[in-house]
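There are 2 protein chains.
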Amino acid sequence: MQFFQQSAGRWRSQRTSHHLVFQKSESGKSEIQIDILQPGSPEVIALCEQHGFDPAQALGGAKVTWSGTMEWDQEKHEGSTVLVPIAEEDKPNEGKLLRQQGYAEKAPVAGRYSMGDDGVLSLITEYETMYSEEKLWFPRPNLRLRTGLIIGPSNMASFCSEIRLSPAKAESTEGTAVAAQ
Amino acid sequence: MQFFQQSAGRWRSQRTSHHLVFQKSESGKSEIQIDILQPGSPEVIALCEQHGFDPAQALGGAKVTWSGTMEWDQEKHEGSTVLVPIAEEDKPNEGKLLRQQGYAEKAPVAGRYSMGDDGVLSLITEYETMYSEEKLWFPRPNLRLRTGLIIGPSNMASFCSEIRLSPAKAESTEGTAVAAQ
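Protein chains in written order, with the numbering used here: chain B, 82 to 262; chain G, 82 to 262.
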């Protein structure tokens, strides 16, 4: 939940996907809003029940809403999902991550998360036809980096650099503010 | 040194840089050759002496040679450097990383490395006018991902996806071979 709390707010995300086989890259931009959900909130309870977990096991969750475009289709991509981590009883730094909507497929999915001693959060999700591995970390409180790897019908690696838009924590100049954190 | 040994070989690298202030991205491609250097080799000894370390402390090193182009200038970028890790006596997973030539500046530089429990190698280098943070890991034996962050006169995040060209470890089809590792 600490990682979720650090992520709360509005972010401007710059994204690049590398298609590994064709060696092509594609860029995109989006805005992401991350809101913290309290343990007893209806979204958290609903997602736990959907995955067959007791809602009492959830320490809370996050609602992620995005709106952006990718270079190749120029269509507006919009959506939102709810994430709920369920920690292992004996290992506080790892557990299951429930998602209302998967990253690679639209169906609800439960993956695994683990937080490394270097502050990198790793998420592994196995879908029916693909495997996804994400890593997220905060080099600065207002800068979040995120990589993704999808192994499946097409193999793709992606990278997002995300700068906090609000709550403003320091200077008003985005990007340059990163250096001061 | 284990990470270096995993890195040995020829790699095809696809790179994207995100300029954080202007939110522009730039792509590039290169080939990278990584050769292991033995502890007593002249390059390792020379680099240790240049940085004032006893060569006996070095477990070995690597020579990295690259050749590639970036989108904006279309010039050929070529070069090579020698890297030598010097582990802390009491902490085998971290220490100093000596470089014959810095990544962000051309002068020799000594940074710090640490290997996380998640297999991510972090490199931090402080230059005179900038600060660089890199992370490298192997999602698959033939796929290396690498991120960089430079905080300085211009703030930049970068991402490289690197596919092994040789020694060939599996199928001959690059990229698709990644899934099989």
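In case anyone wonders, no lab produced these hints; they're calculated from the structure. Worth double-checking, as some hints may not be accurate.
Identical chains share a label here; the pair holds if one copy fits it or two copies do between them.
[Said to hold, decoys possible] Within a straight-line C-alpha distance of at most 30 Å, the following computed DSSO-like cross-link-like pairs (lysine-lysine) qualify:
# : residue 1 : residue 2
1 : Lys-172   : Lys-110
2 : Lys-172   : Lys-105
3 : Lys-177   : Lys-105
4 : Lys-157   : Lys-144
5 : Lys-172   : Lys-157
6 : Lys-105   : Lys-157
7 : Lys-110   : Lys-144
Values in this document were obtained by computation on a predicted structure and should not be read as measured data.
Against the structure, the hints come out as follows:
1. In this assembly of identical chains, Lys-172 and Lys-110 lie within 30 Å of each other by CA distance neither inside one copy nor across copies; the values are 36 Å within and 41 Å between.
2. When the C-alpha separation of Lys-172 and Lys-105 is checked against a cutoff of 30 Å, the pair qualifies neither within a copy, at 40 Å, nor between copies, at 41 Å.
3. For the identical chains of this complex, Lys-177 and Lys-105 are neighbours neither inside a copy (33 Å) nor across copies (36 Å), given an alpha-carbon limit of 30 Å.
4. With identical chains, the CA atoms of Lys-157 and Lys-144 are at most 30 Å apart within one copy only, with a shortest distance of 20 Å there and 45 Å across copies.
5. Proximity of Lys-172 to Lys-157 under the C-alpha cut-off of 30 Å is found in neither arrangement, the shortest distances being 40 Å within a copy and 49 Å between copies.
6. Taking identical chains as interchangeable, the C-alpha atoms of Lys-105 and Lys-157 lie at most 30 Å apart whether they share a chain (21 Å) or sit on different chains (19 Å).
7. For the identical chains of this complex, Lys-110 and Lys-144 are intra-copy neighbours only, at 19 Å inside a copy versus 37 Å across copies, given an alpha-carbon limit of 30 Å.
In summary, the structure is inconsistent with hints 1, 2, 3, 5 from the numbered list given earlier, while agreeing with the others.
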